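Enquirer: Next come the chains, spelled out residue by residue.
Number of protein chains: 2
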Amino acid sequence: MLIVKKFGGTSVGDQERIMNVARRCAEEYSKGNDVVVVLSAMGKTTDILLKTAREINPKAPKRELDMLMTTGEQTSVALMAIALDSLGIPAVSLNAFQVRMETTSVYGNARLKKIDKERILHELASRKIVIVTGFQGVNRYEDYTTLGRGGSDTTAVALAAALHADACEIYTDVDGVFTADPRIVPGARKLSEITYDEMLDLATCGAGVLHNRSVEMAKKYGVPLVVRSSLNNSEGTIVKEVTSVERMLISGVALDENAARISVMGLKDEPGIAFKLFNLLAKNNVNVDIILQSIGREKTKDISFTVNEEDVENAIRIIEENKERLTFHEVTSNLDVAKVSIVGAGMTSNPGVAAKMFEALYNVGININMISTSEIRITVLVKKKDGEKAMNAIHEAFFGNVD
Amino acid sequence: MLIVKKFGGTSVGDQERIMNVARRCAEEYSKGNDVVVVLSAMGKTTDILLKTAREINPKAPKRELDMLMTTGEQTSVALMAIALDSLGIPAVSLNAFQVRMETTSVYGNARLKKIDKERILHELASRKIVIVTGFQGVNRYEDYTTLGRGGSDTTAVALAAALHADACEIYTDVDGVFTADPRIVPGARKLSEITYDEMLDLATCGAGVLHNRSVEMAKKYGVPLVVRSSLNNSEGTIVKEVTSVERMLISGVALDENAARISVMGLKDEPGIAFKLFNLLAKNNVNVDIILQSIGREKTKDISFTVNEEDVENAIRIIEENKERLTFHEVTSNLDVAKVSIVGAGMTSNPGVAAKMFEALYNVGININMISTSEIRITVLVKKKDGEKAMNAIHEAFFGNVD
Numbered sequence: 001m002l003i004v005k006k007f008g009g010t011s012v013g014d015q016e017r018i019m020n021v022a023r024r025c026a027e028e029y030s031k032g033n034d035v036v037v038v039l040s041a042m043g044k045t046t047d048i049l050l051k052t053a054r055e056i057n058p059k060a061p062k063r064e065l066d067m068l069m070t071t072g073e074q075t076s077v078a079l080m081a082i083a084l085d086s087l088g089i090p091a092v093s094l095n096a097f098q099v100r101m102e103t104t105s106v107y108g109n110a111r112l113k114k115i116d117k118e119r120i121l122h123e124l125a126s127r128k129i130v131i132v133t134g135f136q137g138v139n140r141y142e143d144y145t146t147l148g149r150g151g152s153d154t155t156a157v158a159l160a161a162a163l164h165a166d167a168c169e170i171y172t173d174v175d176g177v178f179t180a181d182p183r184i185v186p187g188a189r190k191l192s193e194i195t196y197d198e199m200l201d202l203a204t205c206g207a208g209v210l211h212n213r214s215v216e217m218a219k220k221y222g223v224p225l226v227v228r229s230s231l232n233n234s235e236g237t238i239v240k241e242v243t244s245v246e247r248m249l250i251s252g253v254a255l256d257e258n259a260a261r262i263s264v265m266g267l268k269d270e271p272g273i274a275f276k277l278f279n280l281l282a283k284n285n286v287n288v289d290i291i292l293q294s295i296g297r298e299k300t301k302d303i304s305f306t307v308n309e310e311d312v313e314n315a316i317r318i319i320e321e322n323k324e325r326l327t328f329h330e331v332t333s334n335l336d337v338a339k340v341s342i343v344g345a346g347m348t349s350n351p352g353v354a355a356k357m358f359e360a361l362y363n364v365g366i367n368i369n370m371i372s373t374s375e376i377r378i379t380v381l382v383k384k385k386d387g388e389k390a391m392n393a394i395h396e397a398f399f400g401n402v403d
Numbered sequence: 001m002l003i004v005k006k007f008g009g010t011s012v013g014d015q016e017r018i019m020n021v022a023r024r025c026a027e028e029y030s031k032g033n034d035v036v037v038v039l040s041a042m043g044k045t046t047d048i049l050l051k052t053a054r055e056i057n058p059k060a061p062k063r064e065l066d067m068l069m070t071t072g073e074q075t076s077v078a079l080m081a082i083a084l085d086s087l088g089i090p091a092v093s094l095n096a097f098q099v100r101m102e103t104t105s106v107y108g109n110a111r112l113k114k115i116d117k118e119r120i121l122h123e124l125a126s127r128k129i130v131i132v133t134g135f136q137g138v139n140r141y142e143d144y145t146t147l148g149r150g151g152s153d154t155t156a157v158a159l160a161a162a163l164h165a166d167a168c169e170i171y172t173d174v175d176g177v178f179t180a181d182p183r184i185v186p187g188a189r190k191l192s193e194i195t196y197d198e199m200l201d202l203a204t205c206g207a208g209v210l211h212n213r214s215v216e217m218a219k220k221y222g223v224p225l226v227v228r229s230s231l232n233n234s235e236g237t238i239v240k241e242v243t244s245v246e247r248m249l250i251s252g253v254a255l256d257e258n259a260a261r262i263s264v265m266g267l268k269d270e271p272g273i274a275f276k277l278f279n280l281l282a283k284n285n286v287n288v289d290i291i292l293q294s295i296g297r298e299k300t301k302d303i304s305f306t307v308n309e310e311d312v313e314n315a316i317r318i319i320e321e322n323k324e325r326l327t328f329h330e331v332t333s334n335l336d337v338a339k340v341s342i343v344g345a346g347m348t349s350n351p352g353v354a355a356k357m358f359e360a361l362y363n364v365g366i367n368i369n370m371i372s373t374s375e376i377r378i379t380v381l382v383k384k385k386d387g388e389k390a391m392n393a394i395h396e397a398f399f400g401n402v403d
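Those protein sequence lines, which keep their order, are chains A and B.
Under UniProt numbering, the residues of the first sequence are numbered 1 to 403, in order.
Under UniProt numbering, the residues of the second sequence are numbered 1 to 403, in order.
Any given hint could be a false lead.
Each pair may be met inside one copy or between any two copies, as identical chains are not told apart.
[Unchecked claim] Each computed DSS-like pair below joins lysine-lysine, with the alpha-carbon atoms no more than 25 angstroms apart:
| no. | residue 1 | residue 2 |
| --- | --- | --- |
| 1 | K276 | K301 |
| 2 | K356 | K389 |
| 3 | K59 | K128 |
Read the hints as simulated data drawn from the structure, not as lab findings.
In this text the structure is predicted, and so the values were computed from the model without any measurement.
Make the full structure from the sequences, and use the hints.
Expert: Structure, rendered in structure tokens:
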């Protein structure tokens, strides 16, 4: 069996934790399995590096930030190889140059294109544990790139896909995927299984356990994912195409407090306006989340959408700069929003789900600012201060109150 | 003009110092010159990384130590590019993979073989300051290697040679090359010029300002070197083939307290014995410094030589393991030695130099343990505790006591 194991920054936060991860990998190796380990930078390393850079230059070039940040994972992988050696396990650490981790050229938010697996297969063939830097890639200019938030998950899934791994295990500091964030909803339950689509919606809605690109990629290549704890041996949550267990109505409730709403009012009501607007934002690397279009006054229309808080300033500037081309009345933003979503493949065949969610919010007196639905997801925007309260109310309505 | 500037770890030890170096490079750039900057890791970074690694595994594999340490220079170069950007100067940082810095495969002590200058020339052509990681290379397995102590000097000289630079400036925390280490000999004077050969002998004898491999390479390719301070604008010391200023009898006095003596006693007196012994040590990467052979008893000979303290254990083990092949009586080591040398092209035509040195030692009651001479160098071994005293006595004899 070939197993890809990914450990996040917390799991390799200090020497002791590195040794723990090494022991865990050694155990897998000693069963006779081939093991590929993907690591993030240790603990807060990336944040510290970014802080130093910004102290020198608040507008540090993104190319150089990537050059700087990639040292973080390289440190982790080298120390892990050193730790495995101390356990008598042959290991080799490899960075993005050494595994030819090709990405698009966008610094800070690149996408993986191709992995040259030759070196990895060669090292596995000589019975070494192969430790690969997560989060980083190399673009066509032979420059380092990084994959954006949670990018190490994507690295792990991409490697699992390229190597046709038998499993891709994502280790975190929680026991698996929960029906809601257990830090906010004390009664949250661990799911034993979840589908790619549900996981994808949960990830996009801020559930934070897995990076959404990694789930997309796992779905595309059929990579069997397991989300489990690096701190204990509990079974974790399996993410796959179709789940076998009897399904609950919904799988989980997610909260994203990092969202902001932008509204473009009084757009000309003619074909292609939405295309122009979102194409413009995409070209400028602004990730747009939920979109809502409504009819405005006097043959105009209003378009609202959500973005990450940190993209608001940039998005507004881009829209303002293109006022003539887009022909709108005004653009406004609202940062006082939280995004609360419920996700579940079960809801397609149960029309009462949305009503049940809205009722839960009504019962605790929370006003809904905006609603958006997909086949397996319902998202509402509420005031930021209401986010956690909304999440708890909805969770109780669907899952009841444990103990 | 194309100028290569190398700054050591102390010069880039914190954000403020990084900004200072950036300003200095920006000044050169603004004169219209092409600038290539070579950097070491910040301050004590390399030591801290090594300490962490050794805490995890005292016998950490050398390949992984190199993988770990190379993050140090990459951090420096990225931060320097970020600092230059804040001054409005276009800059790009490059690591050993990006400039194809090919080395031999020996981890921890590799030698440079070839540099692909295409990328650097391309970046210079677009009027960028190019910042290259010192100390590191890539071997034929596509693995990181490091060049050993002072390796960044070698990187700088190699780049200057490959790019046919007009000057290679080595910045340190002293004002240039002195007649003796000013921290030990208060009356030491700065030299305005020195030859490659003298510099080489000073470096080999532990004067520490420049790495000896870098001087060898500068001599081989005729790279004009300047050693100067990163803290002020004083002129520094020019290192070149022939000096133009009127020469003093000797150029400097050097002290190396890191030496140890190994003696192999009772070797069979037959041809090829010295070859066998030193070939064996070379193959095992033990650097041998001065060698002395004397006639032993009963048709045997004794060979003594000095190595770095850290190589003693290894060297003794290798020799013991080959006792049958080498046929000797016993091997002993002495760590209580300091190496004191005088260096100067002037001494070839002045037969009294050695006598003057020995007299100076006799006058302060220091016993000489071993003597070795070359055309432009005389080295003596004394007890470790006598090292600094010997250096001062010799310096006073040749340069007089300043004030």
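Enquirer: Hint by hint, say whether it matches the structure.
Expert: So, going through the hints one by one against the coordinates:
no.: 1; hint: K276 / K301; in the structure: within (14 angstroms within a copy, 90 angstroms between copies)
no.: 2; hint: K356 / K389; in the structure: within (16 angstroms within a copy, 90 angstroms between copies)
no.: 3; hint: K59 / K128; in the structure: between (42 angstroms within a copy, 18 angstroms between copies)
Of the numbered hints listed earlier, not one is contradicted by the structure.
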